[in-house]
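There are 4 protein chains.
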Amino acid sequence: MILRLGYAELYVTDLERARAFYVEVLGFIEAERTENRLYLRGVEEFDRYSLILTRRDTPGLGHFGLRVASPEALSTLEKLHAALGVPLRRVPEGTLPGMGEALWVREPNGHPVAFYHEMDQVHSFSIASSEDALPMRRTHLFRGIPPLRIDHMNLRVADVDAALQYWRDRLAFSVSEYVVKDGATFAAWTRRAPGTHDVALVRAKGPALHHVAYLVQGPQEIIRTADLLADAGYQASIEFGPGRHGLSNALFLYIRDPDGNRIEIYANDYPRDLDRPPIRWTWEEYDRRGRLWWGPEYPARFLETQPVNDRWPG
Amino acid sequence: MILRLGYAELYVTDLERARAFYVEVLGFIEAERTENRLYLRGVEEFDRYSLILTRRDTPGLGHFGLRVASPEALSTLEKLHAALGVPLRRVPEGTLPGMGEALWVREPNGHPVAFYHEMDQVHSFSIASSEDALPMRRTHLFRGIPPLRIDHMNLRVADVDAALQYWRDRLAFSVSEYVVKDGATFAAWTRRAPGTHDVALVRAKGPALHHVAYLVQGPQEIIRTADLLADAGYQASIEFGPGRHGLSNALFLYIRDPDGNRIEIYANDYPRDLDRPPIRWTWEEYDRRGRLWWGPEYPARFLETQPVNDRWPG
Amino acid sequence: MILRLGYAELYVTDLERARAFYVEVLGFIEAERTENRLYLRGVEEFDRYSLILTRRDTPGLGHFGLRVASPEALSTLEKLHAALGVPLRRVPEGTLPGMGEALWVREPNGHPVAFYHEMDQVHSFSIASSEDALPMRRTHLFRGIPPLRIDHMNLRVADVDAALQYWRDRLAFSVSEYVVKDGATFAAWTRRAPGTHDVALVRAKGPALHHVAYLVQGPQEIIRTADLLADAGYQASIEFGPGRHGLSNALFLYIRDPDGNRIEIYANDYPRDLDRPPIRWTWEEYDRRGRLWWGPEYPARFLETQPVNDRWPG
Amino acid sequence: MILRLGYAELYVTDLERARAFYVEVLGFIEAERTENRLYLRGVEEFDRYSLILTRRDTPGLGHFGLRVASPEALSTLEKLHAALGVPLRRVPEGTLPGMGEALWVREPNGHPVAFYHEMDQVHSFSIASSEDALPMRRTHLFRGIPPLRIDHMNLRVADVDAALQYWRDRLAFSVSEYVVKDGATFAAWTRRAPGTHDVALVRAKGPALHHVAYLVQGPQEIIRTADLLADAGYQASIEFGPGRHGLSNALFLYIRDPDGNRIEIYANDYPRDLDRPPIRWTWEEYDRRGRLWWGPEYPARFLETQPVNDRWPG
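Protein chains in written order, with the UniProt record's numbering: chain Y, 1 to 314; chain Z, 1 to 314; chain V, 1 to 314; chain S, 1 to 314.
Chain Y on its own, in the form it takes in the complex:
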């Protein structure tokens, strides 16, 4: 019913400063701009945008969107969330630009989520001349890393097993890998798409956002990201990495935007069928090699999180 993570909305305090960082340095494509919002996408996305930057007084997560397989799925999800007794709201087509009707909910763990089916596409689906190239075949116009497409959300929840009752049992997200600590689930990576995760759930004070991840091509682009940031004067934005996660197998660089929102630049995780059993990590092994496959050390600031929109679905 749910296909994949579609987009995230982050709050920033200064749109111009955010644009310089995301568009001019990192190379996001600017799809649309309004007085209070920037709509961005990675260079290989067909959806018009996957990142919304909204001007607010404090940074953090506005909400994120999950694409569903059909318009009818919205009604099914509305009933499901009504039964759960969580705040919800049906919003009409065009509430966000280019997007069809949506269902906005505050999921049981407190994170603001939108379900939607329709989203404007950046391609006409017809190729008859040089002008009709696929979106990714504009490399002469790209800049920055560039980011390819949105990959996942990493969220904090007080009780991961409770959170899985929603994500796994109600929404049918498949757990790819998880960590057990003190007899309970410490963290779980869950997905509807075949990669290791659309939504990661980690035990900590929540609801809270740890990071939004964007996929890049590989090792060279991970290192290029650090270079670009340092070269452009954003040395302080480089938080942790480059490194390889043991859990998920991905290469990473964690960076902070000028408001402190954390973005993971991500490459090389792996697909696995959704019906396969989850992979279980002990806490000790996760702590030793799951977080950073190359060694146990990581910077303390990496444990900080960002707040989430507490007025959703408004």
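Honestly, I wouldn't trust all of these hints.
[Unchecked claim] These stretches of chain S come out as covered by chain V in the derived footprint (C-beta under 8 Å, 3 or more residues):
#1 63-70
#2 126-139
#3 164-176
#4 271-280
FYI, nobody ran anything at the bench for these hints, they're computed from the structure. By construction, the Cβ of each residue, glycine as well, lies at the ideal position given by its N, Cα and C atoms.
Got chain Y sorted already, so can you dock chains Z, V and S onto it with the hints?
Then chains Z, V and S, alone, in the frame of chain Y:
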């Protein structure tokens, strides 16, 4: 119901010679060997094997396997194929090593196909010590390119529109891109997984196999494949490339095994939701830039195909 | 006495069109522009420019420059060339922008060459703040491939053994590799820097220019060049490759600028001490694997050459 | 007179353990083995070896070798060192396998150095068939990273300005970059080859070895080194990085062999003519961005050094 392409069986005339090529030069992992068969996989696969090399007098395609989402799907597919009136056969668990019960059919266009659900996994799904690393974290033991995982089959059929009645309309494969020539479909790339294709169908004398594709990491591995082959004395195995396809956006190198079976070494195509409209190419634009984005030239031998097993399901 | 190749001057018929190709698509840095000339460099060069594009009615090679180790070397070279009886001319500092006094000669094989010592540098050699970064640490401002630095010239001469009497015996260029055909030298790669060549000499109608080469980082940039050109509408500029030379071991892509001047995009050759013996190739092995390590085929248009300035030293 | 760094000798306490690390995991080529020594090289070297591992009770630097341009240079250097009054010894051809006559000295700062001209080559300099390929065209036989060739030594000296009187003023090493602290030179990168350094001199208790560096192809190989080590169970060998040096511009990963000898895996520094002025860094900028371009943090253990052979020239 169908999840993805799972494996391919190719015929080779000399298993030792094939092993030298696939395992020692290209870096496939040898999962199992019997008197008449080699079972191989790429280095990031959880399934025990994705390529079966079977000793026969003439090369070509033995059959290929599609993984289904549940054991029950086999019965549904059995009814569907019985209604189509094509040859079919239910085979018990273990007919191929590590594989569950399967349905073998000759699909309406003449290609031998197996549907199956269960396949032995190479990981225990439990990570508590260094010995339990994910399959891809054995880089110190890998050799060759190495290939990561099977990606797709490219088949030849006399009438692509007719073939789509089976693949698209009966099996619910989604067309990602297609080419129109003389008012009919010249070629169609179809899939159940989010990438551009699990099965490509191209107009030519069929049933016939054009190639089996394996995914590699990126540009460096595409070039590395040509280097490995030339360095190891397999210069004649390098057929076409490196190049970039306009259709599918993928980087490629086409190579031939010592029996002439064609393997595509493949990287960098893109995912798109299965419910999105197919992308239509005109023949002229496909001929000019769809086959090779960098220019219209390609070697004549690239049009050759391999025969398929005509005794399946036997 | 001679350190390395310093720069090349190419003739183009349309400066704006050339600028679009070299600067906007390929990513050369524009150092200076006059009414009839563009001065360009690669992104890792300290010299202000390494490529001069001069407006002329017909394309081809204007001249190329060799940097010498000291100002005194110019007098030594002047005597040497006077003794050879070739046309020569001493030109004052500033004849080309930022360049010191130079010696212009038509070398015995007919190619126009400048010897010079001084060239403006793009860095102050003092790093005390973020503004003082090394030239290559401006990745946020780079575009295109980008090219890193000039690597070599490939010239055509009627008699390679005769040409070596000048390049090897008079100028002390060291031969890294050479090809023997019909009892004479068919081609020789010669250098003063440790790489495989500053100047290659190949038997054909000469004097003529085959190509000027620019170094890029590696396999990914070779493929990126073909992508950039095809994406930006310069499909016809992609001539030959990507491939690997057996002789020199380098990865290559040969491209043509809008006037037909050939540029080699080049990576991964190797250094060797200048006093080591040259590596000898038989013609048969060169033809089979020296030109293209992956196979003997190459496009016929790859044999075409460009004319050289016949009024130098003017 | 001096061409470049040629080789280094390191002490290890267990040759088998060292072989597993250098040959089986990192991919050095084993050129020769005696009871107490392993002779290794990178995969693109023409010299038979560039790293000697000698069994001793304690790890550290045995000595390192500098290749000179001619046999006659040894006599010139012998006089020079005799005038300096440092311990020296002329050793005959074959004292080390495949090496010509050499001059062994303890340089004025206490490091053991060998000067030599002749070294066996791994290629016959004649290519007439597939068997004669260049050394680097054996990729089907390589394993590990692999390392390409030796790049530089990093040494510790009490007084860098005093050390420069020897390296720069007597041996004519060119300083590429240097750091000034408290009115004196804190560190200097010196070279005879065009790269940023053959020998780096850094202020600390000396004589001491900080690291020996080997060149690899680029970003992907830097990351691959950390992966290989972690995958093969050498997680503790990963000390610092991947990162980019501001000074030298190089990508790096510092690793420790099983005896604690530090090896830098190194890529992407830049060439500059030896007659160009050195690049001066202030201490503050070096500390902020010279060591690690991406930020000021580095692990404390990175300041540790290894002892040097105090019985040379024996």
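Hints, one by one, checked against the model:
1. Requiring three or more residues with a Cβ within less than 8 Å of a Cβ of chain V, the coverage given for the segment 63-70 of chain S holds, as 3 such residues are present.
2. Under a criterion of three residues with beta carbons nearer than 8 Å to beta carbons of chain V, the stated coverage of the segment 126-139 of chain S is upheld, 10 such residues being counted.
3. Restraint check on the segment 164-176 of chain S versus chain V: 0 residues with Cβ-Cβ distances below 8 Å, three needed, restraint violated.
4. For the segment 271-280 of chain S, the stated coverage by chain V is satisfied: 9 residues place a CB nearer than 8 Å to a CB of that chain, which reaches the threshold of 3.
Going down the numbered hints, you'll see the structure goes against just number 3.
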